[in-house]
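Participant: As a plain string of letters, each chain reads:
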Amino acid sequence: MTAPAQGTGGDDAERLVGIVLVSHSAAAANAVADLAASLSGSAKVPLEPAGGGPDGGLGTSSDLIASAARTVDRGAGIAVLADIGSAVLTVKALLADDELPAGARLIDAPFLEGAVAAVVTASTGADIDAVAAAAGEAYIYRKV
Amino acid sequence: MNAVPDLPADIDAALLLRWLDAVTSVIEQEADHLTQLDSPIGDADHGANMRRGFRAARTALEQEPPDTPGAVLVAIGRQLISTVGGASGPLYGTLLRRAGKALGDAPAVTAAELRDGLRAGVDGLVQLGGAKLEDKTMVDALLPALDAFTAALDAGGGTEQAVTAAASAAEEGATATTPLRARKGRASYLGDRSIGHQDPGATSSALLLTTLADTVRKASSS
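Going down the list, the protein sequences come from chains A and B. For what it's worth, numbering that gives the first Met the number 0 labels the leading residue of the first sequence as 0, then goes sequentially. For what it's worth, numbering that gives the first Met the number 0 labels the leading residue of the second sequence as 0, then goes sequentially.
Bear in mind the hints are in silico, worked out from the structure with no lab data behind them. All C-beta atoms in this analysis are idealised placements derived from N, C-alpha and C, irrespective of residue type, glycine included. Any given hint could be a false lead.
Just so you have them, the derived chain B footprint on chain A, three or more residues with Cβ under 8 angstroms [what the hints assert, rightly or not]:
#, region
1, 47-54
2, 60-70
3, 89-103
Based on the provided sequences and hints, a complete structural model is requested.
Facilitator: Here it is in structure tokens:
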């Protein structure tokens with residue numbers, strides 16, 4: 000296990016929710032992860048992109064998702080955000096067969112806006128329910 | 000439980016491994032056709048994805064052949080989920096894993112048990128994908144196939160009659176997706192422009208079942 004984020008409030012404050020970003024495109028997953036991380040201040044939220052298919056092209060890789068989920072698991076829950084189609088279905092299939100670490104959850108949220116909200120919220124030490132709620136609220140943030 | 004007593008337990012691991020071998024060859028032959036169907040309404044990867052998934056499954060099961068029909072289906076499902084890369088991976092993977100789990104540890108199963116397993120698998124697929132009849136998906140081939148399977152058993156048929164009836168119904172169901180407007184997946188974004196194209200997922204579902212029927216026919220004629 001890698002060391003959790005620097006924190007001073009004891010174990011609970013150190014156990015941040017982990018976040019996995021699943022996109023059909025590796026470039027999109029990496030870029031959204033970079034964007035969300037850069038907006039989340041100094042706290043190191045465990046965050047992993049899992050983009051692209053088994054052959055490295057566009058698609059979804061269950062192995063990448065499972066490995067990203069294990070990497071970000073600090074025992075405080077794992078928020079998995081997915082873009083469309085097979086990304087969503089693959090996460091659901093993995094969850095249905097208990098192939099992701101305990102505490103992993105598919106978050107019902109738009110991918111980019113939800114990722115930013117999730118990472119910023121997780122950086123405060125919020126629990127997974129709060130992270131999920133913040134990401135989901137991105138659906139009702141109107142732009143015009 | 001089962002309406003038909005005394006069906007022979009004639010579906011074993013060896014039969015399903017022969018099916019996997021045959022279906023992998025059929026998918027190889029039909030990959031371009033599946034991709035062609037997927038080009039106007041999908042992302043033109045269904046053939047390549049299915050080919051990659053079934054090749055991986057055949058290789059994995061040749062190396063470690065499971066010894067029960069349930070374990071064969073579970074292992075194929077696992078391979079499809081991890082190698083297909085498109086929506087058909089988790090959908091077919093869930094179908095086969097659920098079906099395999101429902102078959103349990105029996106060394107061989109009857110047609111009625113296979114039907115119950117497939118029903119559990121299709122239920123799992125429907126739960127995962129959320130598609131209903133006439134959404135222009137693989138469900139349009141699979142649900143009529145299950146009904147035909149059951150009708151053949153109720154009429155006193157055995158494994159060969161049941162899987163043959165299921166395969167015909169799946170082919171008819173796949174053909175009948177052509178005039179439908181897609182309500183699931185990428186094709187649903189196209190609205191009316193999805194009309195007039197046969198659904199690639201329903202087409203591959205029919206291929207899986209027609210190949211099963213061929214495999215069973217060959218087994219009973221040998």
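Participant: For every hint, state whether the structure bears it out.
Facilitator: Quick rundown of the hints versus the structure:
Counting residues of the region 47-54 of chain A whose C-beta lies closer than 8 angstroms to any C-beta of chain B gives 3; at least three are required, and the coverage claim holds. Counting residues of the region 60-70 of chain A whose beta carbon lies closer than 8 angstroms to any beta carbon of chain B gives 3, which reaches the threshold of three, so the coverage claim holds. With a cut-off of 8 angstroms between beta carbons, the region 89-103 of chain A has 6 residues touching chain B; three or more are needed, and the interface restraint holds.
Every hint, counting from the list given before, is met by this structure.
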